[in-house]
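Trainee: For the protein sequence lines, the chains are A and B, in the order given.
Each residue of the first sequence is one higher than the one before, counting from 10 in our numbering.
Each residue of the second sequence is one higher than the one before, counting from 177 in our numbering.
Each hint should be verified, as a subset may be incorrect.
[To be verified] A partial selection of chain A residues facing chain B, derived with a Cβ cut-off under 10 Å:
#	residue
1	L25
2	G42
3	R45
4	R304
5	E305
[Claimed, not checked] Anything over 12 Å on all C-beta distances counts as not near chain B; from chain A, calculated:
#	residue
6	R16
7	D59
8	N238
9	T339
10	R651
No lab work stands behind these hints, which were simulated from the structure alone.
Just so you know, these numbers come straight off a predicted model, no measurement behind them.
Every residue, glycine too, gets a C-beta built ideally from N, C-alpha and C.
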Amino acid sequence: MRHLTERELLEYQFKLASVPRMRKAAEHLGKCGQCRENLERLIQKFAALDLLREEIIVSDDLVARVVGQAQGGVGNLTLKKRLLRSARNDKWRWIGAAAVLVVGLSLLLVSNLPKEREEKPEFAKEPPSLLSHPSRRGLAETEESRVAADMKLDKSAETIRAEGLSKNAAVMKPLASALLKEEAAGRDLEVSGIGGIAGGVIEEGVIPEQPPFAPASAIELVTLPRRENVQLTIYNSADLTLVRERRNLTLKKGWNWLQFMWANTLIDPTSLVLEPLEQKDKVDIQQLVFPARLRELGRWLIRSEISGQVPFEITYFTSGLSWRAFYMGTLAKDEKTMRLEGYVRVDNGSGEDYENAQTRVIVGQVHLLDQIAELAKRQYPYGAPVRMGDYGGYGGGGYKYGEEGGKHYVRLGDMDGVSQVADALTGLERKEIKKEGLSEYFLYTIEGTETIPDKWGKRLLSFEVNDIEVKSLYKYDEERWGTETIRFVAFTNDEKHNLGQTPIPNGDVKIYSQADDLGYLSYVGGTSIKYIPVNEEVELNLGAARLVNVEPKLMDFKTENYVFDTKNNVAGWDEVRTWKIEVTNTRTLPIEVEITRGLDTAYWELKLDGRDISYQKYDVTHARFKLSLEPRSKRIFEYAIRTYHGQREQALTEQNIKSER
Amino acid sequence: MDNTDRSLIDAHCQGDGTAFTEIVRRYGQGVFGYLMRMSGSREQAEDLFQETFKRVHEKAHTFRGIQFKSWLFTIATRVAIDNLRRRRRLRLVSLSQTVDCADGTCEQLNTIATTKGCYGPSEEAAMAEQKEQVRQAIGSLPARQRAALVLAYYQQLTYREVAELLGCSIGSVKTQMSRALRTLAQRLPDISEEVK
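Same shape as in the complex, but just chain B (with noise of 0.2 Å):
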């Protein structure tokens, strides 16, 4: 583990304030990335990256792992999956509604997606819609087959990583990848190389 990421941790345990705020700037843009992918909205994203170090500030003292990163993922992970099941169940979101277009977030989103390129207004109406494609193809996974996807292919973690993250083993964590990439084949977009 980092030094620092130990110090930081010890001196938040210790009540210094500014040793949150340093931890969350030091792994704040890594986690929204994660958060916003296994949610498909900023909106959400920014609610699960709340509760996510929340609960890094409330259970800090009982960190006592080696890799504080592993140790923060896990916990955004069991924040983004238990945010899938209860969205599920409270129906509040689907990605496959347009509820987050209605209220600008999907406009957001491809804001942030379209960071490089000039492209025309029909070629970047192309790009956002397979954007939006793609996001609706991981947003229809399982929830764990999407945080095992997220987690290699967008963090790129290893297998190895990914299972210690989500407390499985690297069989079932290849499994639920596995299972994901033959969901994707079916769903995701072909996109022309112009786009590309």
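Excised from the complex, chain A in its bound form (with noise of 0.2 Å):
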């Protein structure tokens, strides 16, 4: 009997045999002593490892070295460097966290952190805010600032705040540095005004050259100047709403600080524009600077000649708003007319509430260079790939952007034509629509303002008329939609359809026919349609009829006419067919029916039996019977069709030429 090797014990013992070897070891070790003694030695050999098992404890220094570390706030030694300074840095990496702990702590008590920030989180929840911020030299409240309304703590700060101390050292650093520096450059501390932006020291009249220095600090005293107005304009084809609004903002004399934060939006940072729309001349906005670390904010340097409140426009893109169109119509009785309602549904899923928003809609291809909804999401807005114009840097700030100026960003082509929308769900009165033609599509305009906040969709009518004439026709040809016959409603865009001022948008359409006097309706087909042109005509597809039939029959078929090559093959000769086609029409008005055949051959003549129909060559392959019925009747025509193969193609060739002659 072979005993088990050494190896093969333990990778009994350790599970890393197959099943099989396993199985083989665990019989051989039932039936073998000896194998089970050099096992049970191994075990007790290898019971060593568990001198080592006891628990690791990792100090509660070591993890907050390794989360100050990750904050930046502690640089990484190498492992040499460490190894050579190892010990006896340990006393002055205390004598620094204790240092570090208490500056913190004390900067916490100088700031005397009013309570009143903490009952008001709600303020500096505004996403987009745009925050102007005072000067970190002031620490002494002043009256001002006690009244102010809107001055609060950013989210950062509330945070660090409930965060404590012991975990946010390296945060607080920076700010506790630089308020040391200050104090010992012996100057007075103050608070600039209420909505006043950060400023440097201001002599009388004189303006320093450099603007003040703004730290990456997550710590921030802000203002929030309200929205004055806010214009969104919404494209259907792409994810993409410019947004432009209107903050009053208030300037002091010098440099000037502005923060705009977007924290959970989907705006795109590359595309912020700042305006002064008065006082242009004096007032001149410098940059827009990222500041590194501090995500989902810009702050923009304004120079500015004057003291007071100057109105801002505030440009940007956005995703997550878009618009769709979809119609109503309503057959009449005798299907000859039909009332035609038009909606736009407005779906807001950006992350920002819209308040009293004029909204606009605008209907085209527009061609993104990025998606702003992946804009939105990056970390930081540096490098993207998109450059506006001149001023392209970002931190160069000050770039321009218009309607025009989007061409720089935007390609707008193809663009589709739209017409009017008025309020009709909220109950109020109908608005009035202006209706722009920009350039190469339309743009409308709703009137008033709309309120539609984050995650809420807002049906508005667009268009309503009535007494649309229509015809109702339906259509059976087997290459398209087998052997069900298609009910169509059929108008024209134009000014005789009462329609016709301007084009109409893609969209669903919903179809019912009024089903009694009463007004019931009943629900006739829906389909999606493309955009029409004025003075083009419309099919709607409504789907299979069941009240129509048509039923092609083939009744017979012959071959003639051959024609022989000089050894005596076939080389031509003619199939003639002859179709029954019977058209059933159940319902209790009168209706057009268009029939479509299919021949699979150029080379074909029809002789049609049937009065009162007609055919027409619809294509070099097809031909088209039209037939009206009436009310409950049944129609059947017949009609044999002569297809020429081989040389006899060429025989109706030449006989067409004849006639033609």
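Need the complex rebuilt from these two chains, each delivered in its own frame; the hints are there to steer you.
Mentor: Shown next, in the form of structure tokens:
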């Protein structure tokens, strides 16, 4: 009997062997005392490994160091350096950590955070927010700052305070050191005015050449100037909305920092533009800075030669807002006219509430260089592939954007048209619509303003037109729809049909018919339409018709007129098929039916046997029949189709040439 | 994956500093133990620990996996193996030398390891010596064998999990493990029943 080797015993004990080998080893061990003894010895030997199994405790100091290091507060020592400096640095580390804690604690005590800031976190939650932040030099609270209703800490400051000092020593450090430096310089501490934006110390009538430094700190004191008004221009062919909002900002003479935050929204930070609407010659926007380490905020540096309130317009792109058109048509009982209502539904998933926004919608294909949603999700706006004119540098700021200028960024083409919009569901009086044709596309603006909160959708009545003359048409084409007859409603977008003022944008259509005199409706069918230009006819496909039936039957087939070549092989022939078409209308209305027949060849002749029935050559291989049917009636007609093959095709061609002569 | 892990990672990626602290606290113990056994030195383990979580901090946004713990230990393993290779190249530290003991590291390790039981001075000395022999035996293993052993034996991961962490097949892990065990069988001390 072969004994198990040490390797086999180890593989058995540590379950490294395959199942059959494990089973075999187990069987052997069951029978072999010596191998069991060897295994026991190995187990005892490997029990030594358990000497190192005790739990190894990671110290809080190490955890704190790791967190501090990761957050950038503590530099990483290389292994070599650490080995060289290991023990003797410990006491300095502790002293340093203690110093940071003391400074951080002092800062919080000195800054004397007022309680009302804790009680009003809702102010800081409005994204995107435009914040002007007072100078950090001012820590002594003035009367003005106490009464300021909308001065508050931003979210980061609250978070830091909630978490306590011990976890945030690294975050507090820059602020603390800045404070100490300024105190050491012997400057008086003061608070900038309410709504005033941080500025340097201004001597009488003189603005310093250098702007004040705005450290990339997450802790800021801010004011929140509210929106005066906002305008949304929503495109439906791309996830793109242009937002233009106006806010009144209070500037101090000198340098001002203005902070814009867009946390939890989908705006594209690379598209941010700030423009003064008044005092343009005295207010200069110098640059837009995206501070390192701080997410989802940008700071404009503004040089102002005046003190006071200045209206600004902020423009940016956002994604998440969309609109789409849909229609409801109601056929009259005789199905000769239709009432058509057009709606626009605006959906807001942008993460931002737009209150009292002037809303404009645009139809058309917009070519984007970048998807706005993707831009919005980036951690930092730097390095975006989009460059805007000569001002494109981030931090260079001040780049211009207008609707015309937007072509630097967005190429507009193949624009479709749109018409009017008014509010219906809110129960308000119908609004007038201002319609504009902008170069290649139409833009329409909802009168007044709409409030569209985040995650809400809103349906607006676009137009309502009565008595549009329509044709009810039934079509049969086996190549397109099989053996089913398809129902269509056709009308033209022109003045004769009470339409034609504007093109009709893409959208879904639902058609109803009046079921009785009481006005109850029954659903007829639905489809989607593409853009309908003015004076274009549109046919709405309402699906298969159950009450109109078309049944073609092949009644006869023969071949004739054979042609032979010099070797007596068949070189050409004719095929003659006789078809009987039976059309049944079980509706109580007269109808028009259009039957298209495919012939599989371009060489054919058709003879029709039926009164009041006509056909036309639809294309080279198709013939189309049109006929009318009375209510609850049936019509039958026959036609013979002769197709030419081989050399007979040539005969038909010659025959046609002769007949033309 | 634990939902809380995912939410912590997401929060960290969105700039929440407390999320990263929580991650370190949650997994620090296991990672540090692993790195201690891989490096054999508390000082080095601390360095590797910092390096591991530094990489986690920087690369968190690239985490797409299901098991955060596996991802974390993969990073720790890479850091540890890189360190072992670098150390061999630079000859800064060797487990077979007593460099660590010179700066008191061995003492620390012994203190850590001797956390239970009350022994007399002679037993403690014997146990400390045996622990050092075990550490040296493990330290003599090639990096991948050591990683396989520590992950499977001390971290109690399955061979499949170890394979995922090391980026190799289960068969390869078993081969490494088998070789490591055969080496250890020659080098582990015979511990007495009293000490056990």
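Trainee: Measuring from the C-beta of A/E305 to each C-beta in chain B, is the shortest one below 10 Å?
Mentor: This interface hint holds because 8 Å falls under the 10 Å limit.
Trainee: Taking the least C-beta to C-beta distance, is A/G42 closer than 10 Å to chain B?
Mentor: violated (21 Å)
Trainee: Was A/N238 rightly flagged as not at the interface, with every chain B Cβ beyond 12 Å?
Mentor: holds (31 Å)
Trainee: The hint names A/R304 as touching chain B; please verify it with the least Cβ-Cβ distance against 10 Å.
Mentor: holds (5 Å)
Trainee: Measuring Cβ to Cβ, find out whether A/R16 lies farther than 12 Å from everything in chain B.
Mentor: Non-interface label on A/R16 violated, nearest chain B Cβ at 6 Å vs cutoff 12 Å.
Trainee: Minimum C-beta separation from A/T339 to chain B exceeding 12 Å: can you confirm that?
Mentor: holds (49 Å)
Trainee: Under 10 Å, Cβ to Cβ, is where A/R45 needs to be relative to chain B, so tell me if that hint holds or is violated.
Mentor: It is violated, given that the least Cβ distance between A/R45 and chain B is near 17 Å, above 10 Å.
Trainee: Report holds if the minimum CB distance from A/D59 to chain B is greater than 12 Å, and violated otherwise.
Mentor: violated (8 Å)
Trainee: Hey, does the A/L25 contact hint survive, CB to chain B under 10 Å?
Mentor: holds (5 Å)
Trainee: Can we trust that A/R651 is non-interface, i.e. its beta-carbon lies farther than 12 Å from all of chain B?
Mentor: holds (67 Å)
Comparing the model with each earlier hint shows violations of hints 2, 3, 6 and 7; every other hint is respected.
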